[in-house]
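J.: Taken in order, these protein sequences are the chains called G and V. In case it helps, our numbering puts the first sequence at residues 1 to 306. In case it helps, our numbering puts the second sequence at residues 1 to 276.
These are calculated hints, taken from the structure and not from any lab test. Mixed in with the good hints, there may be bad ones.
Restricting the straight-line Cα-Cα distance to at most 30 Å, the calculated cross-link-like pairs of lysine-lysine (DSS-like) are [unchecked claim]:
(1) V:K9 x G:K225
(2) G:K63 x V:K132
(3) G:K274 x G:K62
(4) G:K206 x V:K132
(5) V:K134 x G:K274
(6) G:K206 x V:K5
(7) V:K5 x V:K72
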Amino acid sequence: MDETISRERRKIPIKYWVSIFPHWREYLWIAPALLIVFLLSIIPSLYTISISFHNWSLLAAKKPFVGLDNYIYMIRDSGLWNGLRLSMLYLVMIVPVILFLGFIMALFLNQKIRFRGTYRALFLLPWVLSMVVVGLNLRWIFDEQTGLINYLLNFLGIKSMPWFSSSYLAFIVLGIAQIWRLAPFAMVIILAGLQSIPEEIIDAAKVDGAGNWQSFWSITLPLVKPVLLVLIIILSLSTFNMVDLIFVMTAGGPGTSTKLVSYFMYEQGFIFLKFGYAAAIAMVLFIVNIILTVFYIRLITTSNQP
Amino acid sequence: MKTKKAISKFLIHSIILLWIMIALVPVFWALSTALKTQEHVMDYPPQLIPRPVTFENFRSVIVDIPIVRYLKNSLIVALGSVAVSLSISAFTAYGFARFNFPGKEVLFFLMMLSMMLPGLTNLIVLYIAASKLKLLDTYTILVIIYAGYNIPFSTWLLRGFVESLPTELDDAGMIDGCTRWGVFIHVILPLMVPGLSAAGVIAFIVSWNEFIVATTFTNTDAMRTLQVGLRFFQGAYYIDWGRLMAASIIATIPALLFFFILQRGLIAGLTKGAVK
């Protein structure tokens with residue numbers, strides 16, 4: 001009697017599940033990837049929220065709940081505001097330069113010339129270098145005593161610049177590193193955008209009497225605008241999460257002049273080991289990231305009609 | 001008319017070449033420094049072309065510091081994560097491309113979201129989990145985290161690739177008596193090779209070049225990857241630029257090789273993220 005009931009119980013749920021879950025086979029195909037995404041991305045994000053409400057240090061046995069203390073401390077911490085300000089400044093500094101250089105390079109490579117593929121590959125080369133290598137290369141050419149840049153400046157009769165001991169200059173060199181690495185990337189993306197414009201449209205405009213300049217402003221630019229927006233978002237995301245380049249080039253210094261909010265978070269967590277506090281800062285970054293990401297996905301999934 | 005055209009072509013070529021040369025100055029300078037003898041590295045005025053050329057820096061980097069071990073670690077981790085992410089994302093992409101089921105686009109959106117959300121904010125929780133699971137300082141944790149970075153992007157890339165193949169192929173395979181899995185393995189997978197290689201190169205370069213996770217999740221010299229080794233190679237007060245540049249060139253060669261061999265597919269993959 002008991003046995004039949006338990007058998008019934010077992011049978012019914014399976015049938016029931018299959019009946020409301022007729023697609024289980026299909027889900028099986030995507031289950032492993034989804035599991036990894038959940039384990040490595042979504043669950044950690046949610047758990048970070050919980051950590052941010054605790055006084056969590058890796059070595060301490062007790063991790064007491066402290067409510068909003070981390071957040072209150074964070075709002076009063078000048079390091080956060082300095083970091084956010086620097087990240088914004090950094091973006092304002094690099095984005096126009098990267099887009100401008102990338103656009104000009106793309107316009108050149110969009111001509112019908114020989115060796116186009118080779119040129120494109122050579123342009124993209126700095127993008128293949130790792131952040132560590134980029135950082136070390138630039139530290140060497142900007143070296144204050146024996147660097148190539150200061151030598152060239154002296155050669156032109158200009159005094160050597162204290163590239164890494166002046167806060168302004170260190171910030172600018174950090175920007176140059178990112179521009180050097182990402183302008184070619186922008187070029188490749190913009191070039192693909194330019195190549196997706198049907199030639200007939202531009203030819204038609206020329207037939208209607210539009211000059212080169214005019215057809216650029218009224219046809220080319222509006223048509224690649226979605227691509228530029230996507231690039232701005234990618235650049236913002238990479239700035240708000242940039243740790244490696246700072247780590248290698250300046251370690252946030254001199255003083256706090258290159259301590260962008262991303263590095264500030266990393267330092268609190270993995271150098272000072274204040275995980276609870278770092279988690280609270282991570283939530284700020286997380287919100288910025290979510291907003292940027294949702295914009296991004298919107299753009300690339302709805303930009304079918306230009 | 002013809003000469004005018006030739007002149008403008010010549011101008012375009014020379015501007016592009018000049019630009020490339022300026023952009024590659026840091027790379028050239030690294031190479032030049034690496035080929036100098038110890039006493040010429042700090043010369044003032046600097047030698048542009050090293051005289052005499054020496055491979056001493058490369059030799060000493062390979063012999064004196066454990067760069068071979070770092071290379072091995074980097075290769076294991078990068079190839080491991082490429083293998084894991086490609087094998088999982090291939091059939092996931094097939095699933096997303098060929099089947100219809102409730103919630104498909106929502107789940108796909110979640111994957112895209114996790115692709116764009118960078119690892120930085122998750123690092124705290126992953127670190128705690130890794131230390132609880134005794135996975136700190138192992139290849140496994142690096143392979144898993146990098147696979148997590150790469151799977152969403154590869155799946156996205158490959159989904160588009162599978163969708164561009166006609167469904168008649170699948171139907172024909174099924175009529176011939178294959179199961180779905182059989183169709184995937186025998187019919188579709190061989191046709192996915194160009195897409196797989198593009199996704200593979202990107203995954204390799206991402207994993208090979210990664211620094212923050214590698215430096216945070218490893219702490220012994222035996223487990224360091226090349227990028228981390230490079231970072232710790234600088235002394236506290238004195239930087240031996242000749243050897244450092246030689247090491248950084250060695251660290252770049254594998255990614256560069258893959259890049260030049262497969263750059264067409266790679267560029268197609270890169271631009272897919274931005275241009276529809």
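J.: Give me the numbers of the hints this structure contradicts, sorted from smallest to largest.
T.: Hints 4, 7 not satisfied by this model.
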